[in-house]
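Undergrad: Construct all of the structure, not just a fragment, from the sequences and the given hints.
Residue-level listing of the chains:
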Amino acid sequence: MHVGGGFIVFIVNFLIRRLAQGVIIVFLVSFLIFTLLRVIPGDPVRLMAGGMAPDHVIDQIAEDMGLRDPIPVQFVRYMGGVLQGDLGQSFIRPASGAAVGGASFDDNTRSERAEVFDLIADTAPFTLQLALLAMAFALIVALPVGIYGGLRPGKWPDRLALYMGSLFISLPNFWLGIVLALVLSVNLGWLPAIGYQGFAYTILPAIVLAVEIAPFLIRSLTVSVAQNMRENYISVAAIRGIGHRRIVMAHALKNASVPLLNLLGVQFSMLLGGVLVVEFIFDYPGLGLLTINAVLQRDFPLIQGIAIVTSAAFVVINIIVDLVATTIDPRLEY
Amino acid sequence: MGTPLLDVSNLTVAVGEGASAPRVLTDISFTLEPRGILGVIGGSGAGKSVLAKAIINWLESPLRVVTGKVMFEGRDILTMSDRETRLLRGKAIGYVGGNPSGALDPTMTVGAQIVEKLQAVEPGTSYRKAQERVVALLDAVRIPSSDQRFNEYPFQYSGGMMQRAMIVDALVSNPRLIVADSITQPLDVTVGAQILKLLRELRDEFDTSILFVSNSLPTVADVSDRVIVLDRGIAVEQQPTADLITSPRSAETRQLIDELPTLWAHDDRSRLKPASEDARPIMSVRDVSRNYALASRGLLNFGPKRILQAVRHVDFDIYEGENFGIVGESGCGKSTLTRLLTALEPPDTGQITFEGKDIFGRGKEGTRAFRRRMQLVLQDPYNSLPPRNSIGTIIGEPLVIHGLASRKERRSRVLEVMAEVGLPASLYEELPMVLTAGQRQRVNVGRALILEPRLMLMDETLSALGQTEQGQLLDLLEKLQAQHGVTYLYISHDIAMVRRVCARVAVMYLGEVVELAENETLFFNPGHPYSRALLSAAPTLESRRYRSEDCLLDGEPPSPIDLPSGCAFASRCPQAFDRCLIENPRLQSRGGLNRAACHLLDSENTVPKEVSA
Amino acid sequence: MTNISNIDIPAVDNVQALTIAQRVVLGAWRSYEFRVGFFVFSAMVLLAIFWPMISSIDPLKINIRAKLMPPAFMGEGWSWTHPMGTDQLGRDMLMRSLVGLRYSLLIGLTTVVVMLAVGALVGLLAGYRGGLTDTILMRITDAQLSIPMIILAIAILGVARPTIPAIILVLGLSGWPVYARVMRSVVMAERKREFVRGATILGASDLRIMFLLLLPICLPPIAFVAVLDIARMMIFESVLGFLGLGVQPPTPTFGNIIADGRKYLVNAWWIATVPGIFLFLTLISLNLMGAALERSRNRVHGGEA
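Residue numbers (our numbering), protein chains in the order written: chain A, 1 to 334; chain B, 1001 to 1613; chain C, 2001 to 2305.
Simulated from the structure, these hints should not be mistaken for laboratory data. Keep in mind it's a predicted model, so treat the numbers as computed, not measured. Please note that the accuracy of each hint is not assured.
[What the hints assert, rightly or not] Quick list of simulated restraints, FRET-style, between CB atoms:
id, chain 1, residue 1, chain 2, residue 2, range
1, C, L2060, A, V186, 25 to 33 Å
2, C, I2164, A, P54, 34 to 42 Å
3, A, L132, C, R2139, 24 to 32 Å
4, C, A2043, B, Q1472, 52 to 60 Å
5, A, V23, B, S1390, 49 to 57 Å
6, B, H1484, C, S2205, 25 to 33 Å
7, A, L132, C, N2267, 34 to 42 Å
8, A, R331, B, D1139, 24 to 32 Å
9, B, G1124, A, R159, 36 to 44 Å
10, B, Q1156, A, W156, 36 to 44 Å
11, B, Y1292, A, F10, 21 to 29 Å
12, B, D1147, A, F10, 19 to 27 Å
No residue lacks a Cβ here, since even glycine has one placed at the ideal position from N, Cα and C.
TA: Below, the structure written as structure tokens:
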């Protein structure tokens, strides 16, 4: 595998297989969400057109948009668009700006409504920035606490990891967000909290998010470092004459990083959940806020588009995670 | 003779603090000369591994040295600073342990890790130089294509290969002493024999002393000049090897020697019954093969599909009332064959008949009916019993499954069987945890027996038991056979056990039966070179009829995934010739019921003479 | 005394005779984190169950005259009638928080049971049958895992009306895949054990092996960790309430009280704080218990290996 050509063949094989699987997953997710949204009671057209709109108008709009066709037909049409990079148009949002909701039903024509793709593309960078900063904060805390806790099982660093993890995980994110906004922003005036007018606005939401992620990282690290330190090869390395520092740095931590990576892949959806709430609290203009508004406004194409994009992101992240994990631990290739 | 390399005096080790703490080693003293090999033998709990660890100052809490000195080249190892010990351990003393598969970091190549060690104990060695040295040593321990192996990961090494690599790891810093702690224990006997042979050669080549620790007296006797016998932490005897065996002074040593099986000398413990001539086959295996397709890697993998050939063209009969044995080492296909014989999965080709009917040809009900007549006694006494059921429930379960008895009848039937296999009725309500290994196996026998089977398949049933318990269980099985006329099929890796019990034996190697012979024939006039290799590596102190030097080459068993086209044993066979590499020999008759698969049989006289005693 | 102790009883090691599950609980009980968690949690549960039954205060009763009263000793105008103060409509904060806790516990517990049941079943089936069944079930699991659970939950609850059964179902169904994965890997390991092979050869049916043999062994170690998920689900429930997608007002839940309290944060901090403290105490007690159980489980299993 490490002979140049073989490795490339392996990577190409791996990518093809995983991408194929990923496509199936994204397809399944789309179908699931698509069906759910259409099976669940609640007519979006009523919302779009406004409560006052007469029934025949609603039927007309629904007819025009193809919402009265059988679900499989709608799905095939929709997926046809998705394959060409067209995620459809928002039911509610105009191309120009804020949501109009159900204000007036006669002047809200299709052509003026915003492209779902654009809406997602505009907000995603904000969320990415938030997520990366939060991840950085979380790692800064979790790495030392978790590793040190794993190296001293049963001693105080281990207890510190346990208490810190239990404390952080018991703080509901929305509640922490409110309190931090009150203390750090309103009372002390250290950090801006609401909206977005520059990078500083990312810091507070990122802290809240980091507190939510950190306990999982700490737990995973403590457990896997401690586990690896009990492995036979670690104790044998000492008799083989290898120094303690090197044993920890080059062997124990390297092996412990694989479960951590896997955790990052699996917990991606949890991170997204946190993003949602945090963006809502801080009115941060990212994907999360977009999602919540889409749900509250029953903007089906937008919900669908977000679901597809996030599940695709999940697939890609997990492919990267597995690829990195395989280069660290070549046994995973088999 | 000068000063000894290692001088241990009055070493006492205890568990925990305080004067009353239990002692693991008591007052051990010995010396080891340069170029000497000192054997340490002891059963489990004798303290032999603690001794090995004490010598490299690797005792971990709660183990504690109470008194004593371990002088290595005139310095006491036990009073050295951490730094000094570390340098000494890696450089002057090499250690090889009994768990080669877990001894190296799984995420780094074997070569890189040995280089890492060399650079740690000899700072300033360039990577290039270190690599050259490691590759040269890999060659020295006969690892084929060493420069490629250098770049492979631990999981790509077999157990025997890994043990060789660990020996390289110990040798790489030119140590004066190597501590070898139970190094052959996890290995197959023929692979272990190869390692022992290597160790003897290395001593001569590299000028190192070896402290060889093992629980097998024949193994220790094979390599050591002197032997210390440990029993519950006390050195009960210390003698040159030859004297120890011919004139043991302590009762413990005599017991160790008495417990060893004998293969060729007459043994009172033998349970052999002659194979009856006129019996009818109860089970027939006809040209049975089983392959497994391995998960292909990648969606667009157009290469040839990888096939693991687990069982290849196996063909034999088991006669009613006899004891039939199947022996072979790990990977020989015994467990797959067991799955086939118990109808857990069908063979790809071939047929298995039981009492004249195909065991797969009768649908689900047929299989159930077959399973009433044929029972398996499981291998590992600790894993084979569901931990939460009472013993009465476990033994009675087959009746429930087959709907054979009412609740009341069941109880009396279970108690009856328990009496028959020698379990007191008071155990009926107990959980399996309270049982000894021997009792657990009795539960397993009882559970199989309750359905009154015609054939009982003993899958390594005896191998986890000590000699005494083994003897008792064999008595029981013999009694049951006399009463019920059961046929036994023993599947085992233990050739000495087979010698005691089985009238006829099939020897398996890499999925094939290479020899099928009556007991006496197999042990006194084996027809296949692999059978001879197996006999040469058997753990016995008898003067051997076959020596591993003559019967085994250094090669590794080939992988069952890409088998060579010729004879599978050819790579390790000292008598292999051109034809063996091209054409796979088929079983051919050697007279009577004896058959073997070897080209040499075409010209019988080329078989090497046995070693004259 | 000496005579009695000399009677020869077959030595049964007490630790050995316990089942693994009992050993895990015992091991957890030895750590004081677990005991502290256990007592706090029990106190919260008892309070939530019995206080609303004993007290005559109605959590929904509006009393404008008693509005925005601070908790005891925390400012002017407090009273023992409302030890935790009142909200903007004069409703008793203690009672509202405890009712919120009731819903939170109810939803958290049932959700985890649903998750565990579905996940364990899927995992058992996939792990035991292997082959095609395994592939299909695991692909579905992966697909489910890759839909961010909260998006799914709020999408469904936002569009349909959020009732308690709907909340439990949505949270439960979106949380099962992790359990399915863990269960599958445990079953795959246990399936190779000797007694499973023994039972098959005895002629036991697949159902018998799966439910009578494997499930009792594989479930407890997973169920221990589920304690941690009760806490997680309680958080989710409160998040939903906060977003207005949980149990609907006027029924008080942690989420909707805190959402309300947010508007009065500056002049009546306790409205958002009191339920937050109740929620936090319950969560941390659950998490301490769960972490202690998990550690004890790892110790027990590590000791066996």
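Undergrad: Run every hint past the structure and note whether it holds.
TA: These are the hints, each one checked on the structure:
1. C:L2060 <-> A:V186: 25 to 33 Å: This hint holds: roughly 31 Å between Cβ atoms.
2. C:I2164 <-> A:P54: 34 to 42 Å: holds, 36 Å
3. A:L132 <-> C:R2139: 24 to 32 Å: With Cβ atoms ~30 Å apart, the hint holds.
4. C:A2043 <-> B:Q1472: 52 to 60 Å: holds, 58 Å
5. A:V23 <-> B:S1390: 49 to 57 Å: holds, 53 Å
6. B:H1484 <-> C:S2205: 25 to 33 Å: Taking Cβ atoms as reference, B:H1484 and C:S2205 lie about 28 Å apart, which means the hint holds.
7. A:L132 <-> C:N2267: 34 to 42 Å: With Cβ atoms ~37 Å apart, the hint holds.
8. A:R331 <-> B:D1139: 24 to 32 Å: holds, 26 Å
9. B:G1124 <-> A:R159: 36 to 44 Å: 42 Å Cβ-Cβ, so the 36 to 44 Å window holds.
10. B:Q1156 <-> A:W156: 36 to 44 Å: holds, 41 Å
11. B:Y1292 <-> A:F10: 21 to 29 Å: holds, 23 Å
12. B:D1147 <-> A:F10: 19 to 27 Å: The hinted range 19 to 27 Å holds for B:D1147 and A:F10, with Cβ atoms some 21 Å apart.
When the structure is compared with the earlier hints, no violation turns up for any of them.
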